[in-house]
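Listed here are the chains, written in short residue letters.
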Amino acid sequence: GEDVEQSLFLSVREGDSSVINCTYTDSSSTYLYWYKQEPGAGLQLLTYIFSNMDMKQDQRLTVLLNKKDKHLSLRIADTQTGDSAIYFCAESKVPMNYGGATNKLIFGTGTLLAVQP
Amino acid sequence: EPEVTQTPSHQVTQMGQEVILRCVPISNHLYFYWYRQILGQKVEFLVSFYNNEISEKSEIFDDQFSVERPDGSNFTLKIRSTKLEDSAMYFCASHQGGLGYEQYFGPGTRLTVT
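So the protein lines, in turn, are chains A and B. So in this note's numbering, the last spot in the first sequence is 129, and the numbers never skip. So in this note's numbering, the last spot in the second sequence is 222, and the numbers never skip.
Any given hint might turn out to be false.
[Said to hold, decoys possible] Covered stretches of chain A (in silico footprint by chain B; criterion: 3 or more residues with CB under 8 Å from a CB of chain B, positions within the stretch not fixed): (1) 55-66; (2) 120-127.
[Unchecked claim] Straight line, CA to CA, 25 Å or less: simulated BS3-like cross-link-like pairs of lysine-lysine: (3) B:K150 <-> B:K165; (4) A:K105 <-> B:K191; (5) A:K68 <-> A:K82; (6) B:K191 <-> A:K48; (7) B:K165 <-> A:K105; (8) A:K48 <-> A:K82; (9) A:K68 <-> A:K79; (10) B:K150 <-> A:K79; (11) A:K48 <-> A:K79; (12) A:K105 <-> A:K80; (13) B:K191 <-> B:K165; (14) B:K186 <-> B:K165; (15) A:K105 <-> A:K68; (16) B:K186 <-> A:K82; (17) A:K68 <-> A:K48.
Rather than coming from a laboratory, the hints here were simulated on the basis of the structure. Here a beta-carbon is modelled for each residue, glycine too, at the ideal position from N, C-alpha and C.
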C-alpha cells in the first residue's frame, strides 16, 4: 500500500543547513512534493521532483531523490527563523492521460523544523 | 497571485448537525479536492472532483459526505450528520490539470464537533 514516513522533529541553528528526510513505499509514484505549513495556515507548495530525476535545486532548496531506496530529502541552505514550520512530503501518481485523472496526494506525517536564533 | 479561499475559518457545531464547508478554487483550475487533518495526524485525502463529478474518494468519504460545485465558482463539502470524530482541519485544493500538476491549498476550515 501507499505510505509515506518522516521524522517528527528537527532543530537547527539559524544559518545552518537543514535536511528533512522522507521515505515512501510506492515505487510507482510519479511526483514527489514538499509542502510547508506555518502555524494556522494552509499548505504551501515549496517544490516537487519527477521520479525520473535525482536532484532539483531551487534557490535555497535542494531536493534529492534516491529511487532505489525510496528516499527523498529536502535541504534548506542558510536556514532562517522564518523557515520554522512543519514540512510535509507527499507523493502522487498522475497518468499520462490527464482527462478526468485524479492527482490525490499521499502525505507524510510532517516534520516540525525549529530554527534557533 | 490567485489563491484558494475557504470559509469559514472555524466552525463549531453540535453532533448530529449538518455542516457545509465552502471553498473557492483558483478560477482556471479544473480539478478540486478535499483533504482533512485530524489534530496531530497526517493530512488525508477525502475526495477529488472533475467535470462535475467525483473522480475518486477515500474510504473516509462515506454516505455522510457529499461535494458539490453549485455555481461554477464555489466547491462545497457537506457533512450530513456530524460525529465527534469529524473534528479536524479540512483543506480544499485545486489544480489546473494537464501539465498543471501543482495542487494549491486553501488555508483550511477548522471544524469542531461538540
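Cross-check of the supplied hints:
{"no.": "1", "hint": "55-66", "in the structure": "holds (count 4)"}
{"no.": "2", "hint": "120-127", "in the structure": "holds (count 3)"}
{"no.": "3", "hint": "B:K150 <-> B:K165", "in the structure": "holds, 17 Å"}
{"no.": "4", "hint": "A:K105 <-> B:K191", "in the structure": "violated, 32 Å"}
{"no.": "5", "hint": "A:K68 <-> A:K82", "in the structure": "holds, 16 Å"}
{"no.": "6", "hint": "B:K191 <-> A:K48", "in the structure": "violated, 29 Å"}
{"no.": "7", "hint": "B:K165 <-> A:K105", "in the structure": "holds, 15 Å"}
{"no.": "8", "hint": "A:K48 <-> A:K82", "in the structure": "holds, 21 Å"}
{"no.": "9", "hint": "A:K68 <-> A:K79", "in the structure": "holds, 14 Å"}
{"no.": "10", "hint": "B:K150 <-> A:K79", "in the structure": "holds, 23 Å"}
{"no.": "11", "hint": "A:K48 <-> A:K79", "in the structure": "holds, 23 Å"}
{"no.": "12", "hint": "A:K105 <-> A:K80", "in the structure": "holds, 17 Å"}
{"no.": "13", "hint": "B:K191 <-> B:K165", "in the structure": "holds, 19 Å"}
{"no.": "14", "hint": "B:K186 <-> B:K165", "in the structure": "holds, 14 Å"}
{"no.": "15", "hint": "A:K105 <-> A:K68", "in the structure": "holds, 19 Å"}
{"no.": "16", "hint": "B:K186 <-> A:K82", "in the structure": "violated, 37 Å"}
{"no.": "17", "hint": "A:K68 <-> A:K48", "in the structure": "holds, 17 Å"}
Consistency with the previously given hints fails for numbers 4, 6 and 16, ordered from lowest to highest.
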